[in-house]
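Asks: Once you've looked at the hints, go ahead and assemble the two chains, each given alone in its own frame, into the complex.
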Amino acid sequence: MNQFITAVLTSLSSGAIYALMSIALVLVWRSTRVINFAQAGQAILTTYIGYEAVTRSGSYWVGLICAVISGALLGAGIDRFFMRPIFKRVNTGPIVMIAPVVATLALLGIIQAVIGFIWGLSYQIIEAPVSTEGLNIFGSIIAFSPFNLMVLIAVTLSMILLTILFQKTNIGLALRASAYAPEIAKLSGIRVDAVRTLGWALAGAAGGLAGMLYIPGSNLYPNAMDVLLVFGFIAAVIGGLDSLFGAVAGAMILGFAVNFSASYISYKLVFPTAFLILILVLLIKPRGIFSSSKGRKD
Amino acid sequence: MSLVVENLTIDHGAIRAIDNVSFTVPSGQLAAVIGANGAGKTTLLRTLSGLKESKSGSATWNGNSILGKRAEDLARTGIMHVSDGKSVIAELSVKENLALAGLWRKDKKDVAKATDEVVEMFPILGQRMSQTAGSLSGGERQMLAIGRALIARPKLLLLDEPSLGLAPLIIEQIFQTIKTLVNKTDLTVLLVEQNAMGALKIADEGIVLNLGTVVAVDSAQSLLNDPAVRAAYLGF
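Protein sequence lines correspond, in order, to chains D and L.
Residue 17 is where the first sequence starts when you use the working numbering, and the numbers rise one by one after that.
Residue 484 is where the second sequence starts when you use the working numbering, and the numbers rise one by one after that.
Among the clues, some could well be false.
Under the rule of at most 27 Å between Cα atoms (straight-line distance), these lysine-lysine pairs were calculated in the DSS-like manner [stated by the list, open to error]:
1) L:Lys578 / L:Lys592
2) L:Lys535 / L:Lys591
3) D:Lys184 / L:Lys538
4) L:Lys596 / D:Lys184
5) L:Lys578 / D:Lys104
6) L:Lys667 / D:Lys184
7) D:Lys104 / L:Lys552
8) L:Lys592 / D:Lys184
9) L:Lys589 / D:Lys104
10) L:Lys589 / D:Lys184
So these bits of chain D aren't anywhere near chain L, every CB distance computed over 12 Å [unchecked claim]:
11) Asn18
12) Ile21
13) Trp45
14) Phe53
15) Thr108
16) Leu123
17) Phe133
18) Ile187
19) Leu189
20) Tyr196
21) Ala197
22) Ile200
23) Thr289
Don't read these hints as lab results, they were simulated from the structure.
Glycine residues also receive a C-beta, built at the ideal position from the N, C-alpha and C atoms.
Just chain L, same shape as in the assembly (with noise of 0.2 Å):
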């Protein structure tokens, strides 16, 4: 049980989003992709959740192959990916987007559990039920669109820059929850981020993409203290 990209290319138009990158996601790990604006995170998750076409290489999730498999079929099959800027239906109230994630589960007493079990997660969205998401915060929509990616019991949560644009303290509330929901169950997490600091803190493995190359892979505690991670991409 692993998520396996190799030698993974994509282009984004006439540019080479990422260049034969390689990287391993061990079932039930948190592995988080730090890098700069512009190094192709966003463009590797939409590969990988079916939204946008690869060129070559392949990414394999528990031996099956989930390059130029549809989005819609992937999510069934336990794949979930959050986009970024906190997606969610603006249109439609909270209990609507969290029943979407739910509407083709055929065991409809376990989406009503999970449902619970979100609720008991973000009690903020059980007091917003009927309001629609395009009234909640920035924090509350994040926890809106992951929270409806849980609906569907996923296996593999592709998260893309969930902590974008929110306050120290709802991202710090977030990456507690991812973190905890990584140790409780066999959920397996690629988290994308430029907070490359916090997303490292609750990472088990951190992969560093520039310029859409891997620079480098380790545990997240040794990129932590390694120099050169910490110079060009911690700040300090």
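Looking at chain D on its own, in the form it has when it is part of the complex (with noise of 0.2 Å):
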């Protein structure tokens, strides 16, 4: 029973977390139709930021509130200075296709490059904020500390607040309408640029926070967000790529699937459950387990 607990609760929070990075790639899908891969990079730069912050000050709580700010002004950066520029000379022939991804991953490779020159490959360590002490339940420590559950609690609330800004706001209606139809968006007077920024500056914040959540359980390097890039593209693409919620409940999928696999046959199932997750999604439901079998009309 206790196994079981434990496992329920690690897979929420390692959900939890997924859902950040899945969030962030199908922000920027959405807008920009790009699988970015300097996600990682991007997420990872903040949360040394962050770190910097919290070492400065002695206190997570700025470092918290200095990676996902630094992390929206990033993104915003990189949509503005280096996507938006590619994109306009890149316009004919194969590589429009690809050009944008590469880039994306050139990112990766030169933001992880400068992390090591200012900070080096040594791990560091960021403190949390509160205990990462298994629990006590009825006498047994069980493997979910009080930080997992504020990571829980933290995630939680950014969907919500995620769920209102683009549900009950005008520059909700503003990023859906973009992300759906960026011409009749255009024609209606909409400034689809200045919305396609936005939603990198949203995705950049969600690494931030995705990595101030993620490095105190573990230790903070230049490549220590890599694993959580390919397990949040696996986590949005059984959402579909295009989904808010797809992306959530994937991430969920995806961290109940290997916290179980882990937790009751064997940890080195982690990989291999997570890949096998994602063959059979692409095998059985190419465009995500909550599409719905019917195309979409024009």
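Replies: Take a look at the structure:
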């Protein structure tokens, strides 16, 4: 029973972190139709900025805020000064499909190299603001800490805020319209380029948050979030790439699958399970498990 | 106040889609651009609304050049383009589709007023406000697309094939609504249509395009009576 409860709780908290990365990828995909591999680099760079802020101020919370804000600024900057010129310059031939994705891969490498120059390659630690020791439930310790609980609460709150932003505000309507039909949005007077940059900013902020919630339970080094990029991507594909709800649901499915297989069979199954799910989804429901069987009408 | 197009030339890839086209639409009038499929009608509209670049020539609205401007900026200056294929966003509700063209407008009271007017014009939209646009019929989608453009209080409306794929009765209703709009307000309309007969019947002026060039510009009435135009475009 204990093993079961522990597996459920750890599934939820790791699923929550996958959800942030998955949402970051979906936000960029929806607005730009690019899988942003640089997301792992953006997230880790902003986590280093958060780490720097924690070290100087002594407060995790200052670091968290710095990471989220710098994540948003970095995301917006990458779209405005890197992606937008690439889309403008590369506009004919087969390279159009590949260039933006390759550009994000290049950016990932550059960002990680820059981090190595500034902070070095050795492990750093970000102290969690609450205990990372397992909770004591009915006299036995389970592998779920107050920090894991904080992660769950923080991610749930962000999801609620994002939902309100997307469903209840004018900015959210512009974001959705620009994602679904950029040309019609333009013809309605929406500044689609600016809205796209906002999408990148939101994605960057989600990545910064993901880093600050993930690293305290692990170590900080330039490649620390590469695994999360892979898991976030798999979660996004499970959810159909286009849907924020799908991204969260996909992340939770992935979280449960890898934690249960690790807990009940072997921790060696974490990666095989994740990739097995990816392959199954691509074979059976390539448009995501929430897509209807009917194609979208025009 | 008028739309003046002079020697406009537009390439579509390697093909010259519009070749040295000139015409004028005086303010408050309804001009119909007719011509067969591939005559360059849609390309012309997409260029005038900022979606496509031109090769040479000029196009001005009230004396200001509209070429090379961004579509969203032209929309904000009152040039609204209702593109073909019932341009609504299927995933959004009817209400949200309408709201789009008012998001950037400062005068929120007038946005609400314009929305009421659109609902009065197309009562069916009022009944479908919270449904997604994807659930609407073809005619309802066209009403929604035109309605959305009107929320922005346009001065110049560019309509691309509003009759495409609709039943005759619905076409009649939409054409009459356009006609009434032009008569009652100072709205100028450039209507692109394959349905030449229907379009010329409500238009003040007609522009006949063939393979990218203007073959006739005249009052709609004269074009309807012109034997050559009748034979080529009206089918009798």
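Asks: Take the hints in turn and mark each one as holding or not.
Replies: Structure-based check of each hint:
1. L:Lys578 / L:Lys592: holds (16 Å)
2. L:Lys535 / L:Lys591: violated (31 Å)
3. D:Lys184 / L:Lys538: Violated, at about 43 Å.
4. L:Lys596 / D:Lys184: holds (21 Å)
5. L:Lys578 / D:Lys104: violated (34 Å)
6. L:Lys667 / D:Lys184: The hint is violated at about 36 Å.
7. D:Lys104 / L:Lys552: holds (16 Å)
8. L:Lys592 / D:Lys184: holds (19 Å)
9. L:Lys589 / D:Lys104: violated (31 Å)
10. L:Lys589 / D:Lys184: Holds: lysine 589 (chain L) and lysine 184 (chain D) sit about 19 Å apart, inside 27 Å.
11. Asn18: holds (45 Å)
12. Ile21: holds (39 Å)
13. Trp45: Holds, since 15 Å exceeds 12 Å.
14. Phe53: holds (27 Å)
15. Thr108: Violated, since 10 Å does not exceed 12 Å.
16. Leu123: Non-interface label stands for leucine 123 (chain D): nearest chain L Cβ at 27 Å, farther than 12 Å.
17. Phe133: With a cut-off of 12 Å, phenylalanine 133 (chain D) remains clear of chain L, as the shortest Cβ separation is near 39 Å.
18. Ile187: violated (9 Å)
19. Leu189: Given that some Cβ of chain L is not farther than 12 Å from that of leucine 189 (chain D), nearest at about 6 Å, it is violated.
20. Tyr196: At about 5 Å from chain L, tyrosine 196 (chain D) fails to clear the 12 Å cut-off, so the statement is violated.
21. Ala197: Answer for alanine 197 (chain D): violated, closest chain L Cβ roughly 5 Å.
22. Ile200: violated (5 Å)
23. Thr289: holds (33 Å)
In terms of the numbered hints stated before, the structure departs from hints 2, 3, 5, 6, 9, 15, 18, 19, 20, 21, 22, listed from lowest to highest.
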